[in-house]
Amino acid sequence: MSEMLASEAKGHIDVKNFSLSYDSIEGPVQAVTDTQIHVKPGEFVSIVGPSGCGKSTLLNAVAGFLTPTTGIVTVDGERVNGPSAERGMVFQQYSLFPWKTVRENVEFGLKMRGMPRSQRERAARTLLGLAGLEAFEKHYPEKLSGGMKQRVGIVRALATGPKVLLLDEPFGALDAQTRVIMQQILTNMWQRLKISVLFVTHDIDEAIFLSDRVYCMTARPGSIKAEIPIPLERPRQQSMMMSSEFLALRRGLMSLIREESLKAMGGEINDMGMQGLNIELHGHSLADVI
Amino acid sequence: MPATAALAQAGPAPAAIPPAPPPSFGTLALRWYRLNQGRLRATAIGIISLIAFLLVWHLLTTYRVVFFVRFTNVPSPLAVYASFVKAIHDPKFLMHILLSCRRIFIGFSLAAVVGVPLGLIMGRFKLVHEIIFPVAEVLRLIPAIAWVPMAIMLWPTNEQSIVFITFLGSFFPILVNTLHGMSLVDPVLVRAAQCLGARERSIFREVYFPASLPHIFTGLTVGMGVAWVSLIAAEMISGQYGIGYFTWEAYSLVQYADIALGMIAIGVLGLGSSLLIRGAGHLVMPWRSTR
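Protein chains in written order, with our numbering: chain A, 57 to 346; chain B, 511 to 801.
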């Protein structure tokens, strides 16, 4: 445990000249193009963008599940080639092993590392205690609510003491109240463990509330459209979401994303014959309306 | 009395609700009844339906009904019961049953020991799948009974060929269901394991295998059913012992009550073995049995 709550920040993510394309029957499809991102050790960075922009693709490349077509992904100077326990990941779909109890799920990474049973049981209990889940250690995931499942998922990803935590829309399936609580829990854990976090979401409020910095991606083929520092002080409170500073950041990000969403949907809107709307709306462009 | 009442009123508000008195036996029984109403109902209807079946059987045979189907020679339930009482004291009948059980045990166990690992490996390694699947797909469609002449040629003793037929009957359902289970393993779970440092061997043991278990057990249950079907057919054709042979022999010897007895014994044995598998499933997959 003591090594986990290290005082030294770690996990420098560097993505350089990244692009990724895949083959389809109509030829190669460019999913992400010419992208640079970096996450400083201990930093909390979010990626937002219209759906289908390739933000999850980018995250999966950092995790090591996808190989970049061009460019390079490094963590602390080491090239990423394949998944590893150094980069913990939390998925949008609940990914707990249904045949393992909550504690066994949390123990999994330690077991893979060859830690003896009694030791990893103790470690898992401590971690579950931090997340307020000790009462559920013997439950099977099926019995848990969505929020609890994701909490266990986060604890499991952190148990091996990764340098980096990658989250792919982890709270997307949760209701609004649970989501807010989960954001608090995640922030708390992140501040304790001092690891870097790369967080993918389509929820602008969530991105601003959690992050030190937000990358906004363009519509497909995805690339970085803007990089927005979030200077809000920490610890952050729910009440900050009403502050003028927060709202200004929100407005800025909103308009960036709206532009890209319209670009992404432009084709569809044309297909549906909605161009005529421009005339009926007395000169207002479609972008003003949506 | 008024003094104590006033004191009670003046005192601080009651801090805790006094513990409820333990519920009486009557309320407990009523609650239990309410919670288990559905199950009780199903059991009651099940019993009534079985009794009705026996009654209809009894009437049809007592009055020797002939209406398209001829019940003239069909034994009555009481006659079957009488032959059952005689049979359980007859070591020969017990031997028939024991031999059938042994054949099922050997044939089915072999099928499980070969079929499950083969299905897991085929599900994981494409090349193995590509090599074995076409052959399995053709052989799978041949009913085990059609193998009887071939089995007699292949194996030196009758006993071995019967076990072989039993093996074949259960092998393909087990293989196919294991393969199916492997194909349905959620890729997110595999990726989660990889992110936690699991290597190929661990992923196989900790993810693919447990994730496929429900389908493996479906395969075992179906396989057990087909094993009995194949066994009985094989025993009727080429056996000298076994419950299938007993039933066929009863027909040849005009022991009509024994025919029904043999059939019922086969049904009970099949039911018992599928219950055993279900029990094993609950033991092996505790995360599913708490549902």
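Take these hints with a grain of salt, some might be off.
What the hints assert, rightly or not - Subject to a maximum C-alpha distance of 20 Å in a straight line, what follows is the list of computed SDA-like cross-link-like pairs (lysine to any residue):
| no. | chain 1 | residue 1 | chain 2 | residue 2 |
| --- | --- | --- | --- | --- |
| 1 | A | Lys156 | B | Glu710 |
| 2 | A | Lys167 | B | Tyr751 |
| 3 | A | Lys156 | B | Leu604 |
| 4 | A | Lys156 | B | Thr667 |
| 5 | A | Lys219 | B | Arg701 |
| 6 | A | Lys199 | B | Met795 |
| 7 | A | Lys194 | B | Pro796 |
Stated by the list, open to error - Computed footprint of chain A on chain B, listed as stretches where at least three residues anywhere in the stretch have a Cβ under 8 Å from a Cβ of chain A:
| no. | segment |
| --- | --- |
| 8 | 697-705 |
| 9 | 720-734 |
| 10 | 763-772 |
Don't read these hints as lab results, they were simulated from the structure. Values in this document were obtained by computation on a predicted structure and should not be read as measured data. Positions of the beta carbon are idealized from the N, C-alpha and C atoms, including for glycine.
Against the structure, the hints come out as follows:
1. A:Lys156 x B:Glu710: Distance of about 19 Å is within 20 Å: holds.
2. A:Lys167 x B:Tyr751: violated (52 Å)
3. A:Lys156 x B:Leu604: violated (44 Å)
4. A:Lys156 x B:Thr667: Judged against 20 Å, a Cα distance of about 47 Å means the pair is violated.
5. A:Lys219 x B:Arg701: Holds: Lys219 of chain A and Arg701 of chain B sit about 18 Å apart, inside 20 Å.
6. A:Lys199 x B:Met795: holds (15 Å)
7. A:Lys194 x B:Pro796: holds (12 Å)
8. 697-705: With 7 residues closer than 8 Å to chain A, the segment 697-705 of chain B meets the three-residue bar; holds.
9. 720-734: With 3 residues close enough to chain A, the hint holds.
10. 763-772: violated (count 0)
Hint compliance for this structure: hints 2, 3, 4 and 10 are not met, and every other hint is.
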